[in-house]
Structures are given as structure tokens and as C-alpha cells.
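Visitor: Fit chain W to the supplied structure of chain L, relying on the hints for placement.
Protein chains in written order, with this note's numbering: chain L, 37 to 651; chain W, 38 to 198.
Note that these hints are calculated values from the structure, not bench results. A hint or two may mislead.
Claimed, not checked - Straight-line Cα separation of at most 27 Å, DSSO-like style, residue types lysine-lysine; simulated pairs:
no.	chain 1	residue 1	chain 2	residue 2
1	W	LYS170	L	LYS71
2	L	LYS104	W	LYS170
3	W	LYS170	W	LYS85
4	W	LYS85	L	LYS75
5	L	LYS77	W	LYS85
6	W	LYS170	L	LYS77
What the hints assert, rightly or not - Non-contacting residues of chain L with respect to chain W, defined by C-beta distances greater than 12 Å in every case (computed):
no.	residue
7	ASN41
8	GLY57
9	LYS71
10	ASP76
11	THR85
12	GLN111
13	GLN118
14	ASP133
15	ALA154
16	SER166
17	GLU168
18	LEU181
19	LEU193
20	LYS196
21	ILE224
As the list claims (entries may be wrong) - Simulated restraints, written as ranges between beta carbons of each label pair:
no.	chain 1	residue 1	chain 2	residue 2	range
22	W	ILE105	L	VAL119	44 to 54 Å
23	W	ALA159	L	ALA154	49 to 59 Å
24	W	ASP87	L	ALA207	20 to 30 Å
25	L	ASP88	W	ASP87	20 to 30 Å
26	L	ASP74	W	SER101	45 to 55 Å
27	W	LYS170	L	ASP144	34 to 44 Å
28	L	ASP180	W	MET152	58 to 68 Å
29	W	ASP87	L	LYS71	33 to 43 Å
Where a beta carbon is used, it is the ideal one built from N, C-alpha and C, also for glycine.
As a plain string of letters, each chain reads:
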Amino acid sequence: MASINYATREISCKIVYYGPGLSGKTTNLQIIHRKIPDKDKSEMVSLATETDRTLFFDFLPLDLGSIKGFNTKFQLYTVPGQVYYNATRKLVLRGVDGVVFVVDSQSDKLQENLESFANLEENLREYGHSLETIPLVLQYNKRDLPNVYSVDELNKLVNKYRSPCYEAVAATGVGVFTTLKAIGKSVIDKFNAKYSGFQGTRRPMPAGGQAPAAAAPAAPPRAPQQPIIPARPVTPLAPANPFAAAPNPFASPAPNANPFATPSAPSFQTPPTSPFAAPVANPFANPAVNKPPLTFPAPGFGTPLNIPEPKGPAQGPLSGFSPPTGNPFQSAGLGNPAPPAGSTPFPSPFPGQMPGASQAPAPRPSPASNPFLGSPSEFRPFPGAPTSPTPPIPAMPAAPGLGFGNPAKPNVPVSPFLNSFANPNAKSESTFAPPAGLTPAANPFAAPAANPFAAPPSNPFGAPGPVASPFNAGQGFSPSSNPSPPSPPAPTINYGGFGSPPQAPLSQPNTEASGGFPNFSQSGFNPPQPRNPNLRPLTPPPEIGMPPQQQELPPATAPQASKPSPFSQFGAFEDNSGIVSTYEDMAKQDFKTKKLPNPTEKKKGFFGGLFNKDK
Amino acid sequence: MGDFVLYKEDIDRLSKILSHLITESASSYVLLVNKDGNLISQVGFTPKIDVTSLAALAAGSFASTRAIASLIGEQEFSVMFHQGEKENIHISLVDEDVIMVLIFDDRTNLGLVKMIANQAKAKLVEVLLDIRKNEFSDTMPDVDHGQDVSNQIDNIFPDQH
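So that you can see chain L by itself, here it is in the shape it has in the complex (with noise of 0.2 Å):
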């Protein structure tokens, strides 16, 4: 079933090409990999074996872009054809939305063709669902061969559900972009069928082919993707951009502009578009042929919804995280120019007016909705930086391509979440107490250039592209009120008052040796360096460091040492998850501490030293 993300405004949905051996399933989505263009290109996954024939799936997923402000992806898969790989092919269908058939139009080939879609059915029907609820679209592939059925016998013989069909040559391209819509076009309108009912407008879908009147006022005013029978060359679109359409959120904070909004009735009250309608141009439209509609099932239908309150982004635009339509240089399309990433803060030219203000408080930034603030007390990923405000690792919201794993942009002039700092109400209380020689200055955590965590190189929340600066989710908290506080020259890195830099259990990444990956070193602990001379070591100002009365120090569970380490003075932290851990419990564990003895010490005994072969 699709997957919807808020965090990204991504939906996802699962098409699958399912169709008898040979019938060319692989060879479409060869050719759609083949026909995206460069910069959209994505792997495609063949499991396949020696001789090229599917043995598990084919998958490649496809990226449409932002959709009225979603992220629309398909994944697209393929079943294995033959028929003793039932078993592979019944596991591919899990969770799809969409189902492609594609039928081998020869004429010897009509059993397979037959069984495959009885096959179809019956493994569909394993997963609870039937070819009535799940969007299907048949194209009759490999059209240029001498002994093809025709495709009214094809209609009459195959397509059972009088679902759109469409002529194809997989292998040179014909058919399988007209396949690739309409398939698209029925599985998105089945989502807004299914989920445009609140007022109780829902509304039985037709059958294939039966076009109610009610269904009619959907019709596209162009249908590109009529199914071609007979075959007819689809007239080219004119390249119109869906975007030019999308409401500029500056220009007019149109209903529509946020979805989060109080949702707009007319949206709710237009009756959606069936997936089946392609009323003007199925062919199955013969009201001879009365079919009783089908109808999809409707949870809740009749009744009226509780429309939840959004959860995440409903916060506001100033609350941390903004939503792409709440972002103006995410949300307003492709048209509008996007800062470069790693630019220089960019504060919102219109902090008060964002899409959906209006509706939607948007409160100060508190460090509970504050991506970057309200991490840090919660949740300490290295526990060797007590008094570093080290932010968590930046989750990545499920957005490939996000680069989270790169290395910091050398130009990104200070963290966002340093910046919150400044800000006296979004103070976050930490349960650390600072060793007592270790100010903030020469806390060598503080210094983001090595460390990935203090200054996420990519705003983890945006979108993927032209906008990951992590100054797009610094506008959401601190606009234009909280400017950074000027970054203070390089730090001269003292542990104060530790003779050797403390051995954390898990030390800092390392991003030197391997580019970006950070390198949990194996020599317990590297002081973070600035790697490019051009990089501004990043540290707190100076109001930041906590009084330590102010700390609370939560008992610590570790078993007593018997010795007292460097560690106890540190402290226990907690997160919200419940583990206490101490750092000389995590230290206990660390089968690095434990491998790695110190080089410089002796070997003591009599024989110590004597079998030892590397002296």
C-alpha cells in the first residue's frame, strides 16, 4: 500500500508488471530506465539469472517530482513470468497499488496469458485484495508480430475487468509510456478517491468502462492517455508545467498553497476522479454492457471523519520544521529561485506571513518542536562531549539522496543549531554537568568543522535538490529575530584539566581517512580538526555554557568503579528512550577500549617481553 511521509511530503506507490514469461515485463521498465533523463537517473535492480531472465524482481523506482506538493515516487517492479516462480512472484505483490498487465499478443500465447492473469487474481486474492479495488491497466505488448490476436479479441478473450488497455512494442518504446500514465493516472486517482471523502462525498467508483454522470464532470480536459484502440498516436502535450499552476504562497496564501491548512471544501466536495472514468475514451463505455458499478471500500465512508490534527508540520512554518509549501524556496516550484546550497542564512523575507501563519500559530521556537534544539537534552550521541551541545545525528526522514553522509559544506558559516543558542527562550536544559576545567571554549566537540553533528551539511527535513542548505531549516526557527552570533576565531583545543583527552567509548567521527565517512576511529579518540583551512571552527558564545548548578545529575546505574575514572565525573545522561547509560558502563562495553591497549605501556613479569614478537 502506498507509504505517505509528511516529514517529506513524499507519497510513494507500488506498480507492479505482472504478465506471463516473455511477455516483456523487464523490457519495460528497461526502456523507461533507459528513456529517463540523465538527471533523474536511478538505478535500476535486475534479479535475474545467467540468460537474462527475471528470477525475483525488477525494480527502478521512478521520481516524478513534487506533485501540488508532494514528492510523487513510483516503484516500480516486475514479477518473474515463468510459471514455477509463483512463489517469488506472489512476494512482489505485497502491497501494490497499481497492476500492469502486460499481455503477449500472439496468438499461440493466449493460455499463458490466461493462466498469468488467473494467477494474478488468485495471488492478489492471497493479499486480500481483487482486481475490482486494485487499479489495473492490460497493454497488449508486442503488437509489430505477424500472429497476434486482434484487440477486440483480445478485449473479449483477456481483459475481464474492461480495465484500459493499451497496443505496445515494449522493444522499441511504442505503448510504453501510454501504459506508464494511465497506470500512474488510475493509482493516484484511486488515492484521492480513497482519501477525499471527509465530508462523506465519497463516492462508489464505477466500474470500468461505465462512466456515470457523476463521473463525467472529472474528465480530463485532455485525455493523453486514452487507451489506443485502434492505435493511434498520442498527440504530443504541449510542454505545460504542472508547477505553473501551483500557488505561490507569497503571491496569494490561496487555500490550496497549504495543505495543512483547514483543508479547502471545494477540494473535498469535488467528486474525485475515478480511476476507471476515462469515460470519453474507453472503448467499454457501451451502456449495452451494464455492469453494476464496483465500489472501492470506504472506511468511513457515510460517516464523518475526525480529520486528525496534523501532527508535524500543522506547528507552523516558525516551528523548526517547514513544510515545502511552507517554504518559500521549496514550496513555489521550479520556477522560483532557490539559494544555493551552503549560501549564507537567508532570512524569510516574509517571517510573518508564511502560508497557513494565519491559521496555524506559529509559536517561538521551543526546544520540544525544534528539530536542532530539543535533541541535544534528550539525547547525547558521543557521551565523551558532556558539555558540547551536540545535536543528534540528523535523521533523514526517508529521502534518498539527502546528503547526510557528506561531509560538511566547507562554506556552511555556523550551525543552526549553534545559532539557537543565542536565542535566551529556546535554552535547552542539559542533565550534563561540565567537568569542571572544561569550558565551552575549549570544548573540542564544539567545533562542528570535523564533527557531522553540529552542523548537518544538508537540511535533513527539505527537500533533495537545489535547496539543502541547512539554512532552509534555519528559517524555520529563528527567521530573521535570532541572528548568528558571529563565530568566534579557531579555539586552541585544551582538555582542561585532563592530562589526555578523554577516551570516549565511542570517539568522534572521523571524516578525514575515508572522505566524508565518518570514521568511528579505532584510536579511541581524535580531536576534531578543521580539515580545510577555509572551514570556521564553530564554538558556542560564551553565554551558552551552563553553570553547573544548574545541572541535575541523574543517579548513575553503573556499578560502582572500584577506582575512580575520568568518566565519573561526567555523569550519567539518559534519553528519552529510558537507557541510562554512564560513560563508565559505555566505556565497560567498548570492545575497542578493550582491543587497543596503550602502546606505551610496559609489559611487566619476568617473561613479559620475551615472547613477544614484535620487539
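Guide: Below, chain W without anything else, positioned relative to chain L:
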């Protein structure tokens, strides 16, 4: 089994647990994937990894071992481990619909990863239970969204008919 609806809040909760998980276990990457192959959440350090494909393949791999399990009379195998020369993958079942994929290398060891993953599992289950109560609280902004999808495909593949 309905659609998987994730809000930022859910992602934050999951990410916090997963962040803790990878730091505690010294793994390099962790993915939460549902059994359909959809990526739910991911945290980690590995650059240039095709997480979409990884998610789909991990789900497929898990599904196939499930089929193997049923052949020998088991309902399913809850843990899978693939050992490589440098990188290893530990796949474990979180709940009936979600699997967790942990990538780690020789800087940690399987025992630790297993233990920490088990600890995280209980917390993840709680969050996932809440996520399943989520509903799609928004409608598509426009009923003609399907047409937009069609147009967008036309834009991506301008010369194909």
C-alpha cells in the same frame, strides 16, 4: 493493512531511537523498511548508498526467507545476517510489517549489534503502533492530481508516446 502514514513527529521519534541504536552499536547505517519495500526512516553515515533500492531488495530478501521458513515449517525467520568482507547487514523483524536493516562493518561485532538491535526493537514497536493509528489527514489538493501525474510523466519523457 492500510497505507503507511508518517508525520514528522513519528519520524523524529523513530530517528531518535535509530540514532541511539547506531551510536550504541557502532553501526554505520540503519533503515526501517516496511515489507512492501517502502522506506520508513533511515539514519546513518554511509554516503552514496541507494537506499531506495536497498529497501526494496532488503524487503524482497526478507520476504524470500520468509517463504523459505514456511517451507521448513517456521512462520518466519526473525533475523537475517549477511556477512561480507567489510560490510555486514543485519536484518531483523521489528513487527509484523516492518523490518530493520542495520549495516555495520568490522568496527563493531555481531553480538553487540544484535543486542542493541533487540533493545531498540521494543521501543520501535511502540512507535510503530502509534503510527498505525495515523490517518491521512489531508486530501490531495486537487482532484485532478492523477492528471498531473500523467502530465508529469509527459514532462519527464517528453518525446515518448
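Visitor: Look at each hint and say if it fits the structure.
Guide: Status of each hint after checking the structure:
Between LYS170 of chain W and LYS71 of chain L, the direct Cα distance comes to roughly 40 Å. Violation of the 27 Å bound is thereby established for this hinted pair. The hinted pair formed by LYS104 of chain L and LYS170 of chain W meets the criterion: a straight-line CA distance of about 25 Å does not exceed 27 Å. With a C-alpha separation of about 34 Å, the suggested pair LYS170 of chain W and LYS85 of chain W falls outside the 27 Å cut-off, and the hint is violated. A C-alpha spacing of about 15 Å is found between LYS85 of chain W and LYS75 of chain L, which places the hinted pair at or below 27 Å, so the restraint holds.
About 14 Å separates the Cα atoms of LYS77 of chain L and LYS85 of chain W, which keeps this hinted pair within 27 Å; it holds. The suggested pairing of LYS170 of chain W with LYS77 of chain L is violated, with an alpha-carbon distance near 35 Å, which exceeds 27 Å. The beta carbon of ASN41 of chain L is not kept farther than 12 Å from every beta carbon of chain W, the shortest such distance being approximately 4 Å. For GLY57 of chain L, the condition that its CB be more than 12 Å from all CB atoms of chain W holds, with the nearest at approximately 19 Å.
A cut-off of 12 Å between C-beta atoms contradicts the statement that LYS71 of chain L is not in contact with chain W; the least separation is 5 Å. Not every CB of chain W lies more than 12 Å from the CB of ASP76 of chain L, the least distance being 7 Å, so the non-interface label is violated. Once the 12 Å rule is applied to beta carbons, THR85 of chain L is consistent with being away from chain W; the minimum gap is 15 Å. At roughly 7 Å from the closest C-beta of chain W, the C-beta of GLN111 of chain L falls inside 12 Å, breaking its exclusion from the interface.
For GLN118 of chain L, the condition that its CB be more than 12 Å from all CB atoms of chain W holds, with the nearest at approximately 16 Å. Look at ASP133 of chain L: its CB is around 9 Å from the nearest CB on chain W, not clear of 12 Å, so calling it non-interface is violated. Consistency note on ALA154 of chain L: stated as away from chain W, and its beta-carbon is indeed over 12 Å from all of that chain's, at 21 Å minimum. The non-interface label for SER166 of chain L is consistent with chain W: the shortest C-beta to C-beta separation is roughly 15 Å, beyond 12 Å.
The claim that GLU168 of chain L lies off the interface holds: its Cβ sits roughly 17 Å from the closest Cβ of chain W, which is beyond the 12 Å cut-off. With a minimum CB-CB distance of about 20 Å to chain W, LEU181 of chain L clears the 12 Å threshold, and the non-interface call stands. Non-interface call for LEU193 of chain L relative to chain W: holds, since the shortest CB-CB distance, roughly 26 Å, exceeds 12 Å. Interface exclusion of LYS196 of chain L from chain W stands, the closest Cβ pair being 23 Å apart, more than 12 Å.
Chain W draws ILE224 of chain L into its interface by the beta-carbon criterion, the shortest separation being 4 Å against a cut-off of 12 Å. At about 20 Å, the beta-carbon gap between ILE105 of chain W and VAL119 of chain L misses the expected band of 44 to 54 Å. The hinted range of 49 to 59 Å is not satisfied by ALA159 of chain W and ALA154 of chain L, whose Cβ atoms lie roughly 43 Å apart. For ASP87 of chain W paired with ALA207 of chain L, a C-beta distance near 27 Å keeps the hint of 20 to 30 Å intact.
Distance hint for ASP88 of chain L and ASP87 of chain W: a CB-CB separation of about 21 Å, consistent with the stated range 20 to 30 Å. The hinted window of 45 to 55 Å between ASP74 of chain L and SER101 of chain W is violated, with their beta carbons roughly 33 Å apart. Checked against the given bound of 34 to 44 Å, the beta carbons of LYS170 of chain W and ASP144 of chain L, roughly 52 Å apart, lie outside it. Separation of ASP180 of chain L from MET152 of chain W is about 59 Å and conforms to the stated range, judged on CB atoms against 58 to 68 Å.
Hint check: ASP87 of chain W to LYS71 of chain L, Cβ distance near 20 Å, so the stated range 33 to 43 Å is violated.
Hints 1, 3, 6, 7, 9, 10, 12, 14, 21, 22, 23, 26, 27, 29 from the earlier list are contradicted by this structure; the remaining hints agree with it.
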